[in-house]
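Peer 1: For the sequence shown, full-length UniProt numbering assigns the number 1 to the initial residue and increments by one for each residue that follows.
Simulated from the structure, these hints should not be mistaken for laboratory data.
Every residue gets a Cβ at the ideal spot worked out from N, C-alpha and C, and that includes glycine.
Errors might be hidden in some of the hints.
What the hints assert, rightly or not - With beta-carbon atoms standing in for the labels, derived distance ranges:
1. 253 <-> 286: 25 to 31 Å
2. 70 <-> 143: 42 to 48 Å
3. 150 <-> 226: 46 to 52 Å
4. 284 <-> 250: 45 to 51 Å
As the list claims (entries may be wrong) - Lysine to any residue pairs mimicking SDA-like chemistry, simulated, CA-CA at most 20 Å apart:
5. 126 <-> 189
6. 126 <-> 162
7. 126 <-> 111
8. 126 <-> 113
9. 222 <-> 198
10. 126 <-> 91
11. 126 <-> 140
12. 126 <-> 78
13. 126 <-> 137
14. 126 <-> 207
15. 126 <-> 173
16. 222 <-> 237
17. 126 <-> 148
18. 126 <-> 90
19. 126 <-> 61
20. 222 <-> 274
21. 126 <-> 87
22. 222 <-> 199
23. 126 <-> 139
24. 126 <-> 89
25. 222 <-> 188
26. 222 <-> 262
27. 126 <-> 175
28. 126 <-> 99
29. 126 <-> 165
30. 126 <-> 192
31. 126 <-> 161
32. 222 <-> 241
33. 126 <-> 79
34. 126 <-> 159
35. 222 <-> 153
36. 222 <-> 203
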Amino acid sequence: MGSLQHCCCQLPKMGDTWAQLPWPGPPHPAMLLISLLLAAGLMHSDAGTSCPVLCTCRNQVVDCSSQRLFSVPPDLPMDTRNLSLAHNRITAVPPGYLTCYMELRVLDLRNNSLMELPRGLFLHAKRLAHLDLSYNNFSHVPADMFQEAHGLVHIDLSHNPWLRRVHPHAFQGLVQLRDLDLSYGGLAFLSLEALEGLPGLVTLQIGGNPWVCGCTMEPLLKWLRNRIQRCTADSQLAECRGPPEVEGAPLFSLTEESFKACHLTLTLDDYLFIAFVGFVVSIASVATNFLLGITANCCHRWSKASEEEEI
Numbered sequence: 001m002g003s004l005q006h007c008c009c010q011l012p013k014m015g016d017t018w019a020q021l022p023w024p025g026p027p028h029p030a031m032l033l034i035s036l037l038l039a040a041g042l043m044h045s046d047a048g049t050s051c052p053v054l055c056t057c058r059n060q061v062v063d064c065s066s067q068r069l070f071s072v073p074p075d076l077p078m079d080t081r082n083l084s085l086a087h088n089r090i091t092a093v094p095p096g097y098l099t100c101y102m103e104l105r106v107l108d109l110r111n112n113s114l115m116e117l118p119r120g121l122f123l124h125a126k127r128l129a130h131l132d133l134s135y136n137n138f139s140h141v142p143a144d145m146f147q148e149a150h151g152l153v154h155i156d157l158s159h160n161p162w163l164r165r166v167h168p169h170a171f172q173g174l175v176q177l178r179d180l181d182l183s184y185g186g187l188a189f190l191s192l193e194a195l196e197g198l199p200g201l202v203t204l205q206i207g208g209n210p211w212v213c214g215c216t217m218e219p220l221l222k223w224l225r226n227r228i229q230r231c232t233a234d235s236q237l238a239e240c241r242g243p244p245e246v247e248g249a250p251l252f253s254l255t256e257e258s259f260k261a262c263h264l265t266l267t268l269d270d271y272l273f274i275a276f277v278g279f280v281v282s283i284a285s286v287a288t289n290f291l292l293g294i295t296a297n298c299c300h301r302w303s304k305a306s307e308e309e310e311i
């Protein structure tokens with residue numbers, strides 16, 4: 001695959017093709033027309049023959065969806081803008097796969113068997129704006145997953161049931177990101193740091209996850225409440241799965257009062273009072289046990305004395 005990717009960038013340039021054409025003597029109109037047609041035909045042939053088997057290529061759109069592919073197709077047209085690999089059985093994307101396709105705007109990888117993406121996959125895909133990774137098997141989103149993909153506007157990571165963790169720096173540098181879909185995964189917690197660096201975020205989908213609405217979720221919920229008018233969220237679908245006292249409650253229904261217990265702190269006086277009460281209780285317990293022992297002993301002696309008198 002490495003050699004294929006190396007060769008894919010070596011297409012003939014227009015100037016090189018022109019230089020190889022026979023050009024005897026002064027230009028003649030007929031010869032000039034023939035030369036132009038030959039050059040255009042050569043370039044068209046290069047673009048046409050690079051369409052992979054089982055794919056269709058038209059108007060910079062390459063559609064390889066629903067072809068039962070187990071691997072990504074090599075040698076795509078150089079000017080590909082929209083690439084669909086959806087509804088296949090792809091398990092991995094090789095490193096450097098997008099190196100030659102600098103015009104790529106849309107990449108659709110939904111409904112495959114991907115567990116991760118290679119590091120630096122988007123280093124040369126500077127114009128990539130829409131990325132669909134839904135219905136896959138991602139278990140985490142690492143810090144470098146979207147490295148250098150600063151042009152991303154839409155990311156769909158929904159319906160990844162094994163997705164348990166999103167690194168706090170997973171979306172770092174994606175200042176143009178407007179739509180983020182993390183719904184229907186396995187997320188119980190999401191760091192506020194993962195979202196607060198997204199100034200352009202407009203739509204956030206987080207419903208369908210088993211959120212644990214403990215004290216660690218308070219910063220994220222507070223941030224979301226402050227942005228609720230500017231950031232559309234699927235508030236009706238986002239529910240708490242724990243702790244038991246808030247199970248089933250809508251995520252956005254929790255207020256500051258819900259996290260009041262998280263802010264309870266004890267002062268030195270509180271600790272001294274607790275220690276004093278503990279000391280008093282322990283002394284009282286000892287005194288009570290002592291009195292009970294004396295009483296029991298007296299009762300035993302009185303009972304024994306009564307029995308002797310009767311005899």
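Peer 1: Determine for every hint whether it applies to the structure shown.
Peer 2: A quick look at each hint next to the structure:
| no. | hint | in the structure |
| --- | --- | --- |
| 1 | 253 <-> 286: 25 to 31 Å | violated, 50 Å |
| 2 | 70 <-> 143: 42 to 48 Å | violated, 29 Å |
| 3 | 150 <-> 226: 46 to 52 Å | violated, 26 Å |
| 4 | 284 <-> 250: 45 to 51 Å | holds, 48 Å |
| 5 | 126 <-> 189 | violated, 31 Å |
| 6 | 126 <-> 162 | violated, 29 Å |
| 7 | 126 <-> 111 | violated, 24 Å |
| 8 | 126 <-> 113 | violated, 25 Å |
| 9 | 222 <-> 198 | holds, 16 Å |
| 10 | 126 <-> 91 | violated, 24 Å |
| 11 | 126 <-> 140 | violated, 23 Å |
| 12 | 126 <-> 78 | holds, 15 Å |
| 13 | 126 <-> 137 | violated, 26 Å |
| 14 | 126 <-> 207 | violated, 30 Å |
| 15 | 126 <-> 173 | holds, 13 Å |
| 16 | 222 <-> 237 | holds, 18 Å |
| 17 | 126 <-> 148 | holds, 7 Å |
| 18 | 126 <-> 90 | violated, 24 Å |
| 19 | 126 <-> 61 | holds, 18 Å |
| 20 | 222 <-> 274 | violated, 33 Å |
| 21 | 126 <-> 87 | violated, 25 Å |
| 22 | 222 <-> 199 | holds, 16 Å |
| 23 | 126 <-> 139 | violated, 26 Å |
| 24 | 126 <-> 89 | violated, 27 Å |
| 25 | 222 <-> 188 | holds, 17 Å |
| 26 | 222 <-> 262 | holds, 14 Å |
| 27 | 126 <-> 175 | holds, 13 Å |
| 28 | 126 <-> 99 | holds, 10 Å |
| 29 | 126 <-> 165 | violated, 26 Å |
| 30 | 126 <-> 192 | violated, 27 Å |
| 31 | 126 <-> 161 | violated, 29 Å |
| 32 | 222 <-> 241 | holds, 19 Å |
| 33 | 126 <-> 79 | holds, 14 Å |
| 34 | 126 <-> 159 | violated, 26 Å |
| 35 | 222 <-> 153 | violated, 25 Å |
| 36 | 222 <-> 203 | holds, 17 Å |
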